[in-house]
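Q: One point on numbering: in the numbering used here, the residue at position 98 of the sequence shown is 102, and numbering is uninterrupted.
In short, the hints are calculated from the structure, not lab data.
Be a bit skeptical, because a hint or two may be false.
As the list claims (entries may be wrong) - Here are the computed lysine-lysine pairs in the DSS-like style, where the Cα-Cα straight-line distance is at most 25 Å:
no., residue 1, residue 2
1, K99, K24
2, K72, K17
3, K99, K72
4, K72, K24
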Amino acid sequence: MMEVLGVEVLEVKEGYARVKGRVDERFLNVHGTAHGSFIFALADFAFELAVNYDSPRIALNVNINFIKPAFAGDELIAEARIEGGGRRVKFCLLKVYRGDELIAEATAVSYGRS
């Protein structure tokens, strides 16, 4: 799916991931701004990479807040950082930026057996 959206992995390390995507005309909503599902997909992909770095995990919950719009041609960067948890449950903070501007922020919880 990330290939279809044109998402590029920029960095992955233990507890952290950063990805990049450009808002394409195909990803606009009826208001002419980036559809929330595109912004969410960027954040979710960074989340997936960060929490699956050392062992397989599944998402239990993701809650996103859209702060500012993005437009066709905008390059967006999504970051995911594990902020806490234990061996099985991880709590993450996800942020999506347009340049230095924060446009979306999310919290996410994942579960793994080990």
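Q: If a hint holds in the structure, say so; if it doesn't, say that too.
A: Consistency of the hints with the structure:
no.: 1; hint: K99 / K24; in the structure: 12 Å, holds
no.: 2; hint: K72 / K17; in the structure: 28 Å, violated
no.: 3; hint: K99 / K72; in the structure: 12 Å, holds
no.: 4; hint: K72 / K24; in the structure: 17 Å, holds
Against the hints set out earlier in the document, a violation occurs for number 2 only.
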